[in-house]
Amino acid sequence: MSEKTAEASKDELQYVQYQAEKEEQYLPAIRQLISKDLSEPYSIYVYRYFLYQWGDLCYMALDAEGNLIGVVVCKLEPHRSGTYRGYIAMLAVRETHRGKGIATKLVCMAIDAMAERNADEIVLETEVTNTASLKLYERLGFLRSKRLHRYYLNGNTAFRLVLYLKEGTALKRPEGMGQLMDQMDQMDQYGGMGRLCRSLSEGTESL
Amino acid sequence: MAEDRLGHATTCEDHITPIVNHDGTGASQEVRPAEKRLSAGLPLRQAMKPPLAEPKTYDITEKFTKACSALEVGQLVKDEYFTLFESIGALEIMDPKMDSGFLQPGETLEDAYDTLAPILPEELISILDQLLCHEIAWHTGYPLSQTLFTSVYIDKLLWPEPKTFEQAQFYRGEISDDRRPGLLLEVLRAYCLALVKCCDFTIARITSRDYFEEEDFCTHTYNRVLLVQTPMDVFQRELDAAIERLEDHSEMDIEASLRGALIARLKFRKRFLSALDIDFPIDYIRHCWEQVSRKLPTISTTHQLGKVVPESFSFKIQRRLASTVPPRPIVELEFKDAFEKLQQLCIDCDEATRFVDIEPDPLEYQSFLWAFASRTPTPLPYSRAYLASLLFQESSLNIPLIDLRSLVLPCSPVLDPTNWALSPPRNPMLPKPPRLQLALFIDEFVERAGQCYLDLWTALGQNRCRLRRMLTHVVTGWDQLQMDAGIVDEDIMRVVTEMGIREQVLEYPLTTWVYHKKLWMIEKVVLLGFEQDIYLHDEFAGMYLFLSSVTGRRRDLLTTIKAHFDDRKRMFLSQNTPEALTNAQETDDGTRYISSLLHDASGISALSSALSKFYTKLNYLNLLPRPTRPFSTEDLRYELRMKPFLTLTPPEVYPFADFAAQVQPYAPPFFDSPPPSFSEALRTPESWLEIEDSVKRAKEEFSAVKKLGAKAAKSDSVAISWVKDVQGVLASCVALGVAVAGVKAAVEEGEEGRELGIRFEIPGIGIGKRYAEGWVVGKVVKS
Ligand SMILES: CC(C)(COP(=O)(O)OP(=O)(O)OC[C@H]1O[C@@H](n2cnc3c(N)ncnc32)[C@H](O)[C@@H]1OP(=O)(O)O)[C@@H](O)C(=O)NCCC(=O)NCCS
Numbered sequence: 001m002s003e004k005t006a007e008a009s010k011d012e013l014q015y016v017q018y019q020a021e022k023e024e025q026y027l028p029a030i031r032q033l034i035s036k037d038l039s040e041p042y043s044i045y046v047y048r049y050f051l052y053q054w055g056d057l058c059y060m061a062l063d064a065e066g067n068l069i070g071v072v073v074c075k076l077e078p079h080r081s082g083t084y085r086g087y088i089a090m091l092a093v094r095e096t097h098r099g100k101g102i103a104t105k106l107v108c109m110a111i112d113a114m115a116e117r118n119a120d121e122i123v124l125e126t127e128v129t130n131t132a133s134l135k136l137y138e139r140l141g142f143l144r145s146k147r148l149h150r151y152y153l154n155g156n157t158a159f160r161l162v163l164y165l166k167e168g169t170a171l172k173r174p175e176g177m178g179q180l181m182d183q184m185d186q187m188d189q190y191g192g193m194g195r196l197c198r199s200l201s202e203g204t205e206s207l
Numbered sequence: 001m002a003e004d005r006l007g008h009a010t011t012c013e014d015h016i017t018p019i020v021n022h023d024g025t026g027a028s029q030e031v032r033p034a035e036k037r038l039s040a041g042l043p044l045r046q047a048m049k050p051p052l053a054e055p056k057t058y059d060i061t062e063k064f065t066k067a068c069s070a071l072e073v074g075q076l077v078k079d080e081y082f083t084l085f086e087s088i089g090a091l092e093i094m095d096p097k098m099d100s101g102f103l104q105p106g107e108t109l110e111d112a113y114d115t116l117a118p119i120l121p122e123e124l125i126s127i128l129d130q131l132l133c134h135e136i137a138w139h140t141g142y143p144l145s146q147t148l149f150t151s152v153y154i155d156k157l158l159w160p161e162p163k164t165f166e167q168a169q170f171y172r173g174e175i176s177d178d179r180r181p182g183l184l185l186e187v188l189r190a191y192c193l194a195l196v197k198c199c200d201f202t203i204a205r206i207t208s209r210d211y212f213e214e215e216d217f218c219t220h221t222y223n224r225v226l227l228v229q230t231p232m233d234v235f236q237r238e239l240d241a242a243i244e245r246l247e248d249h250s251e252m253d254i255e256a257s258l259r260g261a262l263i264a265r266l267k268f269r270k271r272f273l274s275a276l277d278i279d280f281p282i283d284y285i286r287h288c289w290e291q292v293s294r295k296l297p298t299i300s301t302t303h304q305l306g307k308v309v310p311e312s313f314s315f316k317i318q319r320r321l322a323s324t325v326p327p328r329p330i331v332e333l334e335f336k337d338a339f340e341k342l343q344q345l346c347i348d349c350d351e352a353t354r355f356v357d358i359e360p361d362p363l364e365y366q367s368f369l370w371a372f373a374s375r376t377p378t379p380l381p382y383s384r385a386y387l388a389s390l391l392f393q394e395s396s397l398n399i400p401l402i403d404l405r406s407l408v409l410p411c412s413p414v415l416d417p418t419n420w421a422l423s424p425p426r427n428p429m430l431p432k433p434p435r436l437q438l439a440l441f442i443d444e445f446v447e448r449a450g451q452c453y454l455d456l457w458t459a460l461g462q463n464r465c466r467l468r469r470m471l472t473h474v475v476t477g478w479d480q481l482q483m484d485a486g487i488v489d490e491d492i493m494r495v496v497t498e499m500g501i502r503e504q505v506l507e508y509p510l511t512t513w514v515y516h517k518k519l520w521m522i523e524k525v526v527l528l529g530f531e532q533d534i535y536l537h538d539e540f541a542g543m544y545l546f547l548s549s550v551t552g553r554r555r556d557l558l559t560t561i562k563a564h565f566d567d568r569k570r571m572f573l574s575q576n577t578p579e580a581l582t583n584a585q586e587t588d589d590g591t592r593y594i595s596s597l598l599h600d601a602s603g604i605s606a607l608s609s610a611l612s613k614f615y616t617k618l619n620y621l622n623l624l625p626r627p628t629r630p631f632s633t634e635d636l637r638y639e640l641r642m643k644p645f646l647t648l649t650p651p652e653v654y655p656f657a658d659f660a661a662q663v664q665p666y667a668p669p670f671f672d673s674p675p676p677s678f679s680e681a682l683r684t685p686e687s688w689l690e691i692e693d694s695v696k697r698a699k700e701e702f703s704a705v706k707k708l709g710a711k712a713a714k715s716d717s718v719a720i721s722w723v724k725d726v727q728g729v730l731a732s733c734v735a736l737g738v739a740v741a742g743v744k745a746a747v748e749e750g751e752e753g754r755e756l757g758i759r760f761e762i763p764g765i766g767i768g769k770r771y772a773e774g775w776v777v778g779k780v781v782k783s
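Top line first, the protein sequences correspond to chains S and Y.
Okay, so the first sequence: first residue is 1 according to full-length UniProt numbering, each after it adds one.
Okay, so the second sequence: first residue is 1 according to full-length UniProt numbering, each after it adds one.
Next comes chain S alone, as it looks inside the complex (with noise of 0.2 Å):
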């Protein structure tokens, strides 16, 4: 998907990919956006370390004007467990227009790429309490793996969420590691952005 090819009519948005080249155009959008429900902001490294290795996982939508009015970042890697997992690291849309399907909009390009890209499954987190962001989720196809205590900067609690692309996805194993990796596996760690996760509904309705 590209710029051109999104059809534009006055209310209509156009979901976009981003592109590196105008990282000075959308990216300090994309901040303000996503730390209007942060308590705590994240530094510019983390919106690069995305965006500059995954920036064509990241979908904005964007109104007539231009305006940022959506967003969703993912990064794609192996992961510890041997499987190829993709991540949903962060969500938001303006508050004045949500409940309109634009996330699911979002994230149902962000799958739709990370699955085209191989991913074995695709995983996050998000607040016990937040309402909107687990129906989204849910609705799509993800199920609750883990309810992780105290999990957020602010104390709360957190369901780790995750979707299956591929069969046999659960057996996976890392590559040339026998019996051994196979405790590593086990091992409950936590990947993704982890403890350091701000809350991403923080300061908002989950207050």
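It is worth saying that the hints were derived from the structure and are not from the lab.
We put the CB at the ideal spot given by N, CA and C, even for glycine.
Among the clues, some could well be false.
[To be verified] Below, computed lysine-lysine pairings styled on DSSO-like, alpha-carbon distance capped at 27 Å:
id, chain 1, residue 1, chain 2, residue 2
1, Y, K267, S, K135
2, Y, K706, Y, K643
3, S, K22, Y, K78
4, Y, K782, S, K135
5, Y, K724, Y, K711
6, Y, K97, Y, K78
7, S, K36, S, K75
8, Y, K711, S, K36
9, Y, K643, S, K166
10, Y, K696, Y, K779
11, Y, K336, Y, K295
12, Y, K569, Y, K706
13, Y, K97, S, K36
14, S, K135, Y, K643
15, S, K75, S, K105
16, Y, K295, Y, K307
17, S, K105, S, K36
18, Y, K341, S, K172
19, Y, K769, Y, K707
20, Y, K341, Y, K769
21, Y, K432, Y, K524
22, Y, K696, Y, K706
23, S, K75, Y, K643
24, Y, K524, S, K172
25, S, K172, S, K36
26, Y, K779, Y, K699
27, Y, K779, S, K135
28, Y, K97, S, K22
29, Y, K267, Y, K316
30, Y, K56, Y, K66
31, Y, K724, Y, K769
32, Y, K78, S, K75
[Stated by the list, open to error] Stretch-level coverage of chain S by chain Y, calculated; a stretch enters the list once three of its residues show a Cβ under 8 Å from a Cβ in chain Y:
id, region
33, 35-46
34, 55-69
35, 126-134
36, 146-155
37, 166-172
With chain S's structure known, arrange chain Y with the ligand on it following the hints.
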């Protein structure tokens, strides 16, 4: 943040390694040696260990400038080793939300609060209560930097670090006589010093057990030494002196109620400190928490006498504690909530002290640990660590052996103490006597099983979310153990066959024992999943099906075991010697435990089977929400759900086709309107009868468990909560009966192809709407 985490240990072994952070800060340098403990080989979260080398400084300005000139402005450079972790830990200097050193124009670095200015008694009350709130907030998992260390008084006491105890004052160096702290400030000081020591004890206790840093609890002390070296009696003396001076009316004129309120707080602190003392002699612990509890009511009733002094707590102190994390808000825990948590802490610890008096039987221990972990509200990390340290106190108990005997080897020749009295033949080439061989097999196995047992106990001491996840790892450990048990069993069976006593021994006793425990743990994992809201409503049918199948296996094992116990008893009775009669009696006593387990397993299996069938029907009736799930399929979701159990031997997980055949019996499944085969089946009484029968059976089985009582269930030490649990499950059975009847009636009354006119409501977790949190029974509501 990153530094925070890097500098931090997860388990006590890690904790005793001296830690140097990147910025030179670190945990308190004086760390007490870890208590002697049995360590569990569990995959706890690993702490990242920073390099220990002394930092060296190089000037790279020139190189850097040169390298930069090769880049375009705005061009991004990222080396392979720059991790997400680091990016999240990064700060932007001069961004006020990230840079804690940033000062707004006109802002001062420190607050101008004078810790030597006289305070009023009512102000003192309020300060003490606020300190208590912060202490409890810290207990619930917030760092000291956002809680106690926001107190200007505590800061002054601890920083700069006092060289001697005497130096720990609200000032340093010389002061003029008119500035000398008066009585009330001295009282505050005594209280604060004892409070700091309480924190020291708390950290020592928690870090001596397995816990998760920052998740359960934060031990970071930001280079402040919590008076580690000062012995306990010094603090008690300070408190006593303060109490004495307050009681002496001549020194200062204070209104009686305020005076009383202050004395009560000091007395509480004294008791609390001594209860927290890690060297508190175990022989005296029985009443120590009760004594703390007794001091609490006065604090609560006099709280409103206080007059707040908000300036005595400052957000700005953080700047000096950790410059590498963004400024974080002071945690505001209301007095009422803090007080409730403190009360609960005392009650939980008091409950934990009962552990020292319970019958030394690992199965009683298991019940006690399970009940403790299931308490609501869930015990704080300190209480859990407190119980764990009592549990893991060196014990001469041969844990697995006693459990083995109770479950599979009643009055068995395999465990005959005389087996251990035999000595091996002098000539090592000669075969050992068979009985000695048995003893050696058992010794070997018991040693091997010990670690698995400790892992289970460790898991039982974790927070509830961790318990569920850790149990799945413990299950894997027991799965391995089961394989090893199989090998030892072969040997045992060979020897007892040679000895001609095979009929006196349960077939494959060790395997049976391990398998039983493993299945029990799997059941707990599933039930905890329901309790933690892990399963979506349309998954209930499948998860209860799995539970019923696992418990069904355990029930079958127990049936065999029960038959063996009965055989043994019959055999002893037939021998008719005094010794045999004693054995018969002993076996009979042991049978009560097996019966209790058997009824319980049968009940669980029946109830979960009923729930599975019922929720299957509700799925077809469209009474449960069913997401469209465009990106997922039934079999992928099944694989994800079964992941923790897929590798177990023997296999516990149904192949997907079998699973689907059971939870989607009326294929093709889940149309907008139920398929015709289902509509027909719905109207046949048999399809309901099956469910109703299971509910009835479950009720009978649980009633039998209840009748046999807590002692038979080896839950004597927690009889009250045990009875409550059994009643909860019984009530769930009743509620299910009602729900089933409601849906059945709606179906019978409704016309085919029409809306049923009912909704089905599933009660959420933790709001007291379930009779048992793991047994989710919804109810019918007319719509
Ligand atoms: C979560 C978020 C991205 C959703 O954006 P959105 O564009 O409104 O989402 P959608 O419209 O695609 O779908 C959200 C679903 O949740 C529902 N929903 C929204 N708010 C809800 C609420 N408070 N309670 C229950 N359901 C709610 C919506 O109705 C919709 O479901 P439906 O289509 O079945 O009606 C948005 O709320 C947001 O930016 N929140 C703050 C940041 C955040 O929480 N991010 C996710 C962290 S992982």
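Inset, instruction - Find the hints from earlier in the document that the structure breaks and name them by number, from lowest to highest. - result: 1, 2, 8, 18, 21, 25, 29, 34 and 35
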